[in-house]
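J.: Spelled out, the chains give:
2 protein chains.
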Amino acid sequence: MNFELKILGSASATPTQGRHPTAQLLTAGGQQYLVDCGEGTQWRLLEHRLRPHHLRAIFISHLHGDHYFGVFGLLGTMHLQGRSQTLTIVGPPGLDEVLTTQMRVSGMQLAFGMEFVCVDTEQVAEVYADAHLTATTLPMRHRIPCAGYLFAEQPRRANLLKDLLPPGLRPAQLARLAQGHDLEPDDNLPAGLRHAAVSAPAPPSRRYAFCSDTLYTPDLATHIQGVDLLYHEATFLHDLHERAAQTHHSTARQAAELAQLAGAKRLLIGHFSSRYKALEPLLAEAQAVYPTAELAIEGLLVSL
Amino acid sequence: MNFELKILGSASATPTQGRHPTAQLLTAGGQQYLVDCGEGTQWRLLEHRLRPHHLRAIFISHLHGDHYFGVFGLLGTMHLQGRSQTLTIVGPPGLDEVLTTQMRVSGMQLAFGMEFVCVDTEQVAEVYADAHLTATTLPMRHRIPCAGYLFAEQPRRANLLKDLLPPGLRPAQLARLAQGHDLEPDDNLPAGLRHAAVSAPAPPSRRYAFCSDTLYTPDLATHIQGVDLLYHEATFLHDLHERAAQTHHSTARQAAELAQLAGAKRLLIGHFSSRYKALEPLLAEAQAVYPTAELAIEGLLVSL
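These protein sequence lines are chains L and Y, in that order.
Note that the numbering used here has the first sequence beginning at 292, numbered continuously upward.
Note that the numbering used here has the second sequence beginning at 292, numbered continuously upward.
Worth double-checking, as some hints may not be accurate.
As the list claims (entries may be wrong) - Below, computed lysine-lysine pairings styled on DSBU-like, alpha-carbon distance capped at 35 Å:
no.: 1; chain 1: Y; residue 1: K556; chain 2: Y; residue 2: K568
no.: 2; chain 1: L; residue 1: K568; chain 2: Y; residue 2: K297
no.: 3; chain 1: L; residue 1: K556; chain 2: L; residue 2: K568
no.: 4; chain 1: L; residue 1: K297; chain 2: Y; residue 2: K568
no.: 5; chain 1: Y; residue 1: K297; chain 2: Y; residue 2: K556
These are computed hints drawn from the structure, not numbers from a lab.
With the hints as extra help, turn the sequences into a complete structure.
T.: The structure is reproduced here in structure tokens:
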């Protein structure tokens with residue numbers, strides 16, 4: 292099954308023509324999850340022919356507007372489009388209050404349920420799980436409570452090695468094997484069959500770490516060792532590292548250093564300050580430390 | 292002085308590629324006013340090189356998201372851009388609560404003051420006045436409390452007729468005349484001078500009526516007789532007039548009928564349902580009743 296990330300926004304708080312605030316679409320096991328949702332995210336989904344209807348959950352890192360002001364409109368659109376499936380919204384304290392206040396003053400009654408998961412942004416804790424994915428908070432250090440998220444696939448199924456399968460298995464037997472079970476002795480299989488004897492080991496679950504707005508925090512690396520993909524904010528170039536520290540943001544070099552410390556297999560940097568009209572200097576600075584770093588710019592699709 | 296309207300959004304609630312939710316920029320006496328502010332309005336301002344910094348007041352018709360979800364981000368951007376001037380926000384009850392709730396949960400303290408004017412959407416009442424403009428509510432009939440606004444220039448100054456001015460007037464005398472005063476007898480003007488004798492009558496104040504989401508309401512015409520410009524929503528074509536009535540919206544034909552009843556000098560129609568990929572049929576329907584009707588589409592600039 293696919294495990295992929297589409298970048299919908301690369302900007303930081305001040306609006307910039309052609310760049311949009313943070314939003315990412317994660318697809319796992321055919322399910323879609325939104326990671327942060329800046330203003331206008333529903334138009335980004337439209338541009339990429341993605342239907343908000345299909346979203347299973349929305350994860351919000353923190354309550355600065357460039358990370359969540361798109362939620363209001365997105366909920367309204369899902370309602371107008373006839374959504375009935377419950378939507379899970381994961382985020383820091385206060386998100387539920389502002390959303391329910393908005394709906395009350397607007398006289399809006401959504402046609403679908405919402406389940407709020409209020410996270411403790413200082414803990415590393417599993418806050419979401421379904422059949423495809425788990426999400427674990429990563430403590431960011433920002434000006435207000437802020438959580439990153441480590442998304443991990445649920446354990447993957449071992450692939451059967453067709454060349455090793457005995458001939459004449461019944462469809463029901465094949466199905467049981469595919470589900471990971473051993474087969475009991477049977478009239479067409481007198482010795483039975485151990486699942487492990489005819490399958491490759493299950494591929495490891497893929498993991499994606501989303502490190503939203505944060506002061507450079509090397510300790511984070513311990514929680515995301517060997518992650519398949521790391522997104523880390525890189526608001527500034529390193530010559531502005533003091534400004535980064537003052538505003539609780541990171542530099543491109545720091546993002547790359549964290550990727551190195553974590554042994555991340557891939558690195559995306561984003562959340563670029565509007566002062567940078569061209570992004571190449573940010574990329575070059577990250578690549579000086581982590582040579583395969585990439586820019587998390589609008590439209591980028593990363594399949595793991 | 293200029294009195295002009297720029298259309299920033301033409302769409303109704305469901306997002307449509309290339310169309311944006313309601314937002315209009317009114318300029319009067321060199322001051323800028325925002326009329327409704329759907330999601331993403333700050334990017335529309337950016338596209339037209341308009342600086343939100345300069346906005347004097349924001350008028351919100353009602354609390355459906357496609358008319359106000361852009362306010363959250365716009366306030367944040369004004370803050371980041373260093374605004375210090377107080378901003379007036381005019382709108383129905385609840386707007387102040389949702390904005391202050393959002394700022395509280397976001398830990399945001401704006402660097403500028405906000406003055407909320409809470410309007411009674413069932414009354415025709417002057418709710419705003421400054422040196423350039425007054426705004427009077429127009430009762431809309433929608434699913435939730437909704438106000439239109441009649442914007443009127445403050446009385447304009449009579450233009451001096453230079454050919455009639457006696458020679459040798461001192462600069463101070465000219466200035467008094469320009470301000471509308473008579474001149475007392477003086478050594479270089481023994482008979483004095485009546486202002487009316489050397490000026491054309493003041494041009495009438497220009498007026499713009501913004502009729503946001505509403506059921507067709509012919510009575511509205513009495514409040515906007517002879518208006519220079521009428522914007523009226525036209526969500527549907529008239530074959531869907533029952534759907535329009537159910538949802539408390541109007542059809543293009545009804546918008547044109549209201550313009551006729553009001554003797555409006557110009558008519559713009561907008562707030563088009565996303566079901567209409569092409570807008571010509573809506574325009575044709577309006578023009579069958581009001582031949583000079585125009586589409587209020589993104590980028591349109593109307594100077595009165």
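J.: Next step is simple, just say for each hint if it's right about the structure.
T.: Status of the hints after comparison with the structure:
1. Y/K556 - Y/K568: holds, 28 Å
2. L/K568 - Y/K297: Since the Cα atoms of L/K568 and Y/K297 sit roughly 28 Å apart, the hinted pair holds (cutoff 35 Å).
3. L/K556 - L/K568: holds, 28 Å
4. L/K297 - Y/K568: Measuring from Cα to Cα gives roughly 28 Å; hence the hint holds.
5. Y/K297 - Y/K556: holds, 17 Å
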